[in-house]
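So the chains spell out like this:
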Amino acid sequence: MAVHVQSADFDSAAEIARFERQAALKGAGAVASFCGLVRGREGEDGPLIGAMTLEHYPGMTERALAAIEAEALARWPLTDSLIIHRFGRLEPGARIVLVCTASSHREAAFAACAFLMDWLKTKAPFWKKEETAEGPRWVDAKAEDDARAAAWNEASAPRNPD
Amino acid sequence: MKLLYFAWVRETVGLDEETLSLPPGVTTLGDLALWQAGRGAGYAEAFSDPRRLRAAVNQDLATPETPLTASDEVAFFPPLTGG
Numbered sequence: 021m022a023v024h025v026q027s028a029d030f031d032s033a034a035e036i037a038r039f040e041r042q043a044a045l046k047g048a049g050a051v052a053s054f055c056g057l058v059r060g061r062e063g064e065d066g067p068l069i070g071a072m073t074l075e076h077y078p079g080m081t082e083r084a085l086a087a088i089e090a091e092a093l094a095r096w097p098l099t100d101s102l103i104i105h106r107f108g109r110l111e112p113g114a115r116i117v118l119v120c121t122a123s124s125h126r127e128a129a130f131a132a133c134a135f136l137m138d139w140l141k142t143k144a145p146f147w148k149k150e151e152t153a154e155g156p157r158w159v160d161a162k163a164e165d166d167a168r169a170a171a172w173n174e175a176s177a178p179r180n181p182d
Numbered sequence: 005m006k007l008l009y010f011a012w013v014r015e016t017v018g019l020d021e022e023t024l025s026l027p028p029g030v031t032t033l034g035d036l037a038l039w040q041a042g043r044g045a046g047y048a049e050a051f052s053d054p055r056r057l058r059a060a061v062n063q064d065l066a067t068p069e070t071p072l073t074a075s076d077e078v079a080f081f082p083p084l085t086g087g
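Residue numbers (our numbering), protein chains in the order written: chain S, 21 to 182; chain A, 5 to 87.
In isolation and in its complexed conformation, chain S is listed as follows (with noise of 0.2 Å):
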């Protein structure tokens, strides 16, 4: 279990790789993960993106990471996961963040590595400011977010993984 919040990049291999062999040591025999990047293009016509800036909450930002990871842990049997989010100024195409999760099968890795993605998306205190040819704009939250975070509330964890 471990959340970093960091300017720097990151590996995506290896850490993935470090993951697994952690995972392979405690008997999980499934790993999923999701790796999040700077889009170039805001929607399939929208303004290209120079660059986006990520700011945050230092120290609420680690707990409600911890928070949503423990979360995860109680609805899902995780043998392990891991979170890392970045932030500042990061061009088209960076690395925003990595979520992975190990479990004895791959249904419940597969779903809390979802679940901890559409938490992250509205539980986080993380906010985005584009960089386009019309000038710098805030992100605004997506209401089709809020929708995927609150329906895991009504969804229950898987009883018979397989």
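Keep in mind that a hint or two might mislead.
[As the list claims (entries may be wrong)] Each computed EDC-like pair below joins lysine to aspartate or glutamate, with the alpha-carbon atoms no more than 16 Å apart: (1) S:143 to A:64; (2) S:149 to A:15; (3) S:143 to S:91; (4) S:149 to S:111; (5) S:143 to S:160; (6) S:143 to S:165.
Quick caveat, the hints were computed from the structure, so don't treat them as lab data.
Following the hints, complete the assembly by docking chain A onto the known chain S.
Frame of chain S; chain A shown alone:
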């Protein structure tokens, strides 16, 4: 109490943090948001519509009903956009 501002709230208020005595009559987060709107131009703009804002008290997300004390750390910010 310590007040923190993030994202466009920080830019609109023109400060990232400040220290303040608990204003008279302010007992909840909702009271404080209303009081902030009366402090001058940047505050008036940032706090004109509290529905656009979110807040945390001592680093936990809070609601307008959350009670406040003089030693609290209160942060105001737009809805969260992590991930």
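Now the hints, each set against the structure:
no. : hint           : verdict
1   : S:143 to A:64  : holds (10 Å)
2   : S:149 to A:15  : holds (12 Å)
3   : S:143 to S:91  : holds (12 Å)
4   : S:149 to S:111 : holds (12 Å)
5   : S:143 to S:160 : holds (14 Å)
6   : S:143 to S:165 : holds (10 Å)
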